[in-house]
Amino acid sequence: MKFISKFCWLFVGVLFIFSGLIKINDPVGTAIKLEEYFEVFAEDIASFFLVFKPYALFLSILLSSLEIVLGVALLVRWKLKQVTVALLVLMVFFTFLTFYSAFYNKVTDCGCFGDAIVLAPWQSFSKDVVLLIMILILLFTQQCLKPLVRPVVGATVTVLTAILSVGIGWYAYQHLPYIDFRAYKVGNNLPALMKASAPLRYKYIMTKDGEEQEFEEYPTDESYKFKEMVAINPEDGPKITDFSVWNDQGDFTQEVFTGNKLIIIVQRVDKTDQEDFDKINQLIEAAELQNITPMVLTSSSSQEFDAFRHEVNLAAPYYFGDGTVLKTIIRSNPGILLLQNGIVKGKWHHNDTPDIEEVQQLL
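The sequence shown begins at 34 in my numbering and counts up one residue at a time.
No incorrect hints appear here.
Lysine-lysine pairs mimicking DSSO-like chemistry, simulated, CA-CA at most 27 angstroms apart:
#	residue 1	residue 2
1	K260	K241
2	K260	K236
3	K139	K304
4	K139	K86
5	K378	K218
6	K378	K272
7	K272	K218
Since the hints were derived computationally from the structure, they do not count as laboratory data.
Take these sequences, add in the hints, and give me the full structure.
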């Protein structure tokens, strides 16, 4: 039992730290996932869940930091009983979320490991059940785990971890994620990622006499009833399926992938930080002189954006994109994206708006 207890101690501690670090690397992405849960719960359970939406970013950093802090506290075995109980409460909460997502097929990606590791709903629930069992084992086998450090050392390490975790999350929010796990990261060829790397193959799920069977070729036996078609090699499909740019004159997606483009992303004008538009406007003016074409992408309506661009003196042609896609491209509103023939050469938070020399060095 001592070996099992130590294994659970190490596994749970390391996994909580890893999970928390992945989330706090991208606090805006975690906040978006929390908002999705709040909307689903407001629709299905009670409308008061919408009260939490404005605090999604705060909760994102808080919960991510809490995972890291509890993981570190567990590993140094500081206040083991209290930490284990806190882990149990947190795990019951996470298990409920993943079960709800899986059973009702509401949130298809729980965001447990951000964009680094995407788990299917039932995979997420199974993972949480295993962790829940391990934490229960820890709770009832604490006597097998002797303290590793003196209480004052454990307290100091835990407090420093909390401060560092919150600082990491806040810095990532004020700039961009330290590591970009999304398809739009620097160096990626967006047009190539919009194509399948190999032809997709499918299997057919059929039913007969109440039983399901799988076929790689559609059965000729008419007694089988079609249920669904599932890709056998989904990993070979396009990594980007929903990127599109348009305006009233038509589709401009391919235009974005031609030549040097400086893309200013304004996700929604009512939630856009206006503080750095003086720098952005200077960059746009300098880029045009260097044959770098500026384009603005927004998910707001033309009426909203026309009023907004006059307010901030944004003198560049604007186009429309899907709001969710724009949030996926960059965790900043506004944000800046530099493309060269569809290859991502640079990404900047508006707080880090570059000068034209920095942009030119990347082309």
